[in-house]
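Trainee: Given the structure of chain A, go ahead and fit chains B, C and D onto it with the hints provided.
Protein chains in written order, with the working numbering: chain A, 1 to 325; chain B, 1 to 325; chain C, 1 to 325; chain D, 1 to 325.
It cannot be assumed that every hint is accurate.
Chain copies aren't distinguished; within one or between two, either way the pair holds.
Subject to a maximum C-alpha distance of 20 Å in a straight line, what follows is the list of computed SDA-like cross-link-like pairs (lysine to any residue) [what the hints assert, rightly or not]:
1. 172 - 246
2. 288 - 320
3. 159 - 273
4. 142 - 219
5. 295 - 324
6. 84 - 21
7. 62 - 314
8. 103 - 157
Hints are computed from structural coordinates only; laboratory data are not their basis.
4 protein chains.
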Amino acid sequence: MKFNLDCHLFCFGTFSERYVPTGYFDKVDVIKAFETIASTSVRGFMNTWKPGILPEDPEKNKRFLLEYGLVPSLVLIDNFGDRKYKHGAFSTSQKSMQKENMKLCKEGIDFAKALGVHSVLLWPAHDGMDYPFSVDYNASWKRMVENFIEIAEYAGDMKLAIEPKPQDPRQKMLVNSTGKAMMLINDIGRGNVGLALDVGHSFAAAENPAESCVVVDRHKKLFQVHLNDNYKNADPDMIFGTVNFWENLEFMYYLIQTDFDGWCSVDIIANRENREDSFRTCVRLIEKYYEMASKLVEKKDILQSNMEDYRFSKNVDLISNIIFR
Amino acid sequence: MKFNLDCHLFCFGTFSERYVPTGYFDKVDVIKAFETIASTSVRGFMNTWKPGILPEDPEKNKRFLLEYGLVPSLVLIDNFGDRKYKHGAFSTSQKSMQKENMKLCKEGIDFAKALGVHSVLLWPAHDGMDYPFSVDYNASWKRMVENFIEIAEYAGDMKLAIEPKPQDPRQKMLVNSTGKAMMLINDIGRGNVGLALDVGHSFAAAENPAESCVVVDRHKKLFQVHLNDNYKNADPDMIFGTVNFWENLEFMYYLIQTDFDGWCSVDIIANRENREDSFRTCVRLIEKYYEMASKLVEKKDILQSNMEDYRFSKNVDLISNIIFR
Amino acid sequence: MKFNLDCHLFCFGTFSERYVPTGYFDKVDVIKAFETIASTSVRGFMNTWKPGILPEDPEKNKRFLLEYGLVPSLVLIDNFGDRKYKHGAFSTSQKSMQKENMKLCKEGIDFAKALGVHSVLLWPAHDGMDYPFSVDYNASWKRMVENFIEIAEYAGDMKLAIEPKPQDPRQKMLVNSTGKAMMLINDIGRGNVGLALDVGHSFAAAENPAESCVVVDRHKKLFQVHLNDNYKNADPDMIFGTVNFWENLEFMYYLIQTDFDGWCSVDIIANRENREDSFRTCVRLIEKYYEMASKLVEKKDILQSNMEDYRFSKNVDLISNIIFR
Amino acid sequence: MKFNLDCHLFCFGTFSERYVPTGYFDKVDVIKAFETIASTSVRGFMNTWKPGILPEDPEKNKRFLLEYGLVPSLVLIDNFGDRKYKHGAFSTSQKSMQKENMKLCKEGIDFAKALGVHSVLLWPAHDGMDYPFSVDYNASWKRMVENFIEIAEYAGDMKLAIEPKPQDPRQKMLVNSTGKAMMLINDIGRGNVGLALDVGHSFAAAENPAESCVVVDRHKKLFQVHLNDNYKNADPDMIFGTVNFWENLEFMYYLIQTDFDGWCSVDIIANRENREDSFRTCVRLIEKYYEMASKLVEKKDILQSNMEDYRFSKNVDLISNIIFR
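Extracted from the complex, chain A is given alone in its bound form (with noise of 0.2 Å):
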């Protein structure tokens, strides 16, 4: 792979939530924001479309980047932060929904191009159950996997990554896991479009995110990458290693291997510190583990030579003396 990390300004936010529906933090300093990431290895940044707080001007918006040693990385087209998209933007019933959500994904597809991004997000956010008895399963997927055709079409050459997550912010999401995403991608059968694997919605869904890497890879569906940790039951975007050590450890060491040549997205939301501390705290612990599963990369031959005879044993006190003091 080629190590490239990006973010978004989700790291930045107020972090409003129900419980604090006025945020644990004033809006930002968009400057102060930006100079934060600026002092790290981030070098990639992800619009939303619409981009809200950056020039909807692509050449504005690259030259507003560029400033701060930014390139556009990847879009992420909103359809979720509004009330109206609660029946979901890709599988709702509602005939004008559906055409608002068209219209939206290929503007961004085109803000996408104009800016030269790797590829474009699509979380189907709301594309979920609350209750038994409440949502036509079947309806909805027809349209769900029609709705991507088109927009999968319209992209062309632009790749386009689905999100995964099994809950929150519906009670069940229909793309809830790692491999219902590769049975939908293989439903929408179109080359540009590929998973957004984002390792806390793989725990979430109780996997192994090293091995979801593994098998999207298998298929040359890893699009995207998205980095913070979780315990496992709820999506809180914690900053990344601060939980699942050896899991992340793990997903990284098998990442490496690939050929992915996309962006690592520092995903992450800090509540109750500072925003720029943890910020920072997140991109160190990304580039210690980066760096910790690159020297295991090195010995992988005895590694995989150790799983492969099912010595697991081995493996413990082999990566213990290269890891720890």
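Mentor: Same frame as chain A, but now just chains B, C and D:
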């Protein structure tokens, strides 16, 4: 028990959350909300302190409620809805916040006494941890216990109900389960301190709410009951009885048999359908479960006898015949 | 669908487990077990390969079953019940075990053809991982897919049903969800390979079984259905319908509307009450759910229309009136 | 604390389980097992009552252990490994089983006294419920508390450690969490009754073991510590430290700072690699975590101060520099 239903205005909130910070609804028309409440069998209202929308003056508050056939039932101290509480209202190391919280709690208790409510609700929402090595557990517990003791002594005859919850808004909350709350209540050691059993929190903590109800009632500490539902992996405050049928039925069956003389609170969020319909549907379902459980209570001698003989099959057959068409 | 119930002899096992290795029961009296089965509406029997207790000779096997009014319905390949399969029957790196498993699977398929059953069940039970850095995911997936292809081609017209499960006996299983199984089935790419939807596994994977049923059926891959229940955090194979009422009802509602022409398997373990009563109670509950779901299917135009209009409350009221006394 | 490691022979079991009832291994060569134990820093041995393989005569038992440099550390009452305990050794309604269990517990306590061990382990394994409407919670709790009181009074000076666990072998166990155990211990109200903190059970109960350790120690009730690991959704007794790095490190950091003078028990099952290697790897990992945590304890003033100032980022940087190469 006496079957008294109350509710709070959060059932008619905008339901802003992390992904939809501006909420799923506009601010409710308060009159419409109270008319909806008045159209059901709900007869109590849980004020917050500070009350926000309703009058702070106790007499005016009561008069307002009386117009809708309601009495003030409970008071919830809102020491969690603002970012300033982010390190925990009860356990924070910040001296000024300790003072501010203590003042708020005492004012709320005064308000509760003036209203003549059954009990005051205290929810240690931000008292917990997110990251390993981020919180001093010993100092936090010490402060939390001491603060609760001071509040309990101030409250005198007014009952205080502490509400446990496993997570959200913290990743791990200090008072995370019925058992932990019972330990805390014992540490506080004041007769007027008991427990608020939120059925959804109990499910999210992998408890059986019926068993929690029985155990807390054995200790005469069942002060409040909150009704909602979920898939056991989060606390979305769904309409009571729409997910966990058998366990909610069993909960109601045991609750009816206690001497509980407080309020059962309708405690739901309904972000994808109109709030009024959801509220009414929830009240109807609660009534239905109460009615079905009451029929089972009539057969309690047989049911309990089958339990003590470990003949579950007989109970399934008996209950199915009573409940289902 | 055609509503055909079958079962296997595991329902009458000794239920040995980790903490009670000698089991909760003595070995069953086979005659008594079959008399119990015959006393219910179960009409099919899932043989294992090798059959163990029943005759290996297909004609004798069929004659034995006929005495109890049963036909051979399915064949389960038992490539998980012995320690030798501990590194995975389908994905192991051990050449000799690959061969042994291949031979067993082919023999089982021959047996299935001779019996004339609907389909063969394949469960990759030990194909997974316990520890990070213990299994080579890429090599494992490659071998698993290749082995399934060879088995599928050997099977010819005989249907093969692959059964996903999130964990147990492995901490993480490779085929851990409906989605992952669908990806695997697509990778195998043979028309006779489909999915066994075990409702309990689906719950344990945090799925909504109704949605899984619809999605798999959309792909014409619903080959088997296994019925049991659990608390969503493990797979104890409890009596169907005793925990998740609404979701099981919704599952049955959608299942009835498919063209499924296979078998619904009673798949329970009842270790603390006598096996015969538990079995009969389970069959009665399945029939009850089928009956209730059938009543709902009669109203499917209204139900689906309320779903497409996102009017959940109306469905709750409608269903409650139909179902509850 | 004094850092004393002990273990039991279950680490060298056959590991029979539900799917592999004949186990993953043949019966261990006892001499080989004890030689393995003796080759590590383990210095204590947890006998079971009845001891099974080791001598029942206390002096012979001690002499046997002495040959391997071991002392008797703890006694575990085995009132769960036989089907007869299926309705709960402590809470059952069956009079004869109540008597039988009481006799076993008292004999075990006599044995423990004769051996001079630190404490006796009591695990209410089958005391719980599987199905709603299957167990009388009130009667069960009453009997359990009364039985524990009788046992505690008989034990006199001998310490009793009650071990909570959320589930398995029951779907829901009565003593399901650290908090519930503390409530029970308070109900029992005898000074010699405390808690066995099994790190894996604590994870499975969604607790933070470090916080549980601190809270129990605050009450002077930390009597035993069991070391293993898991993915938080089950209790497979994996090698300590192979999954939850940060939380286990934090746990060790706090444990070291207590006055705990009991034993830390190696409590693992290793069914897919040879038992001897797994055991030695586990001991080495425990030592490594102890060593790393000890380095952190040297910096405890800074660490705790950062916690009280809510400066998590500083702790991450500090700890990373101390721990990682």
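Trainee: Check each numbered hint from earlier against the structure, then list the numbers of those it violates in ascending order.
Mentor: 3 and 7
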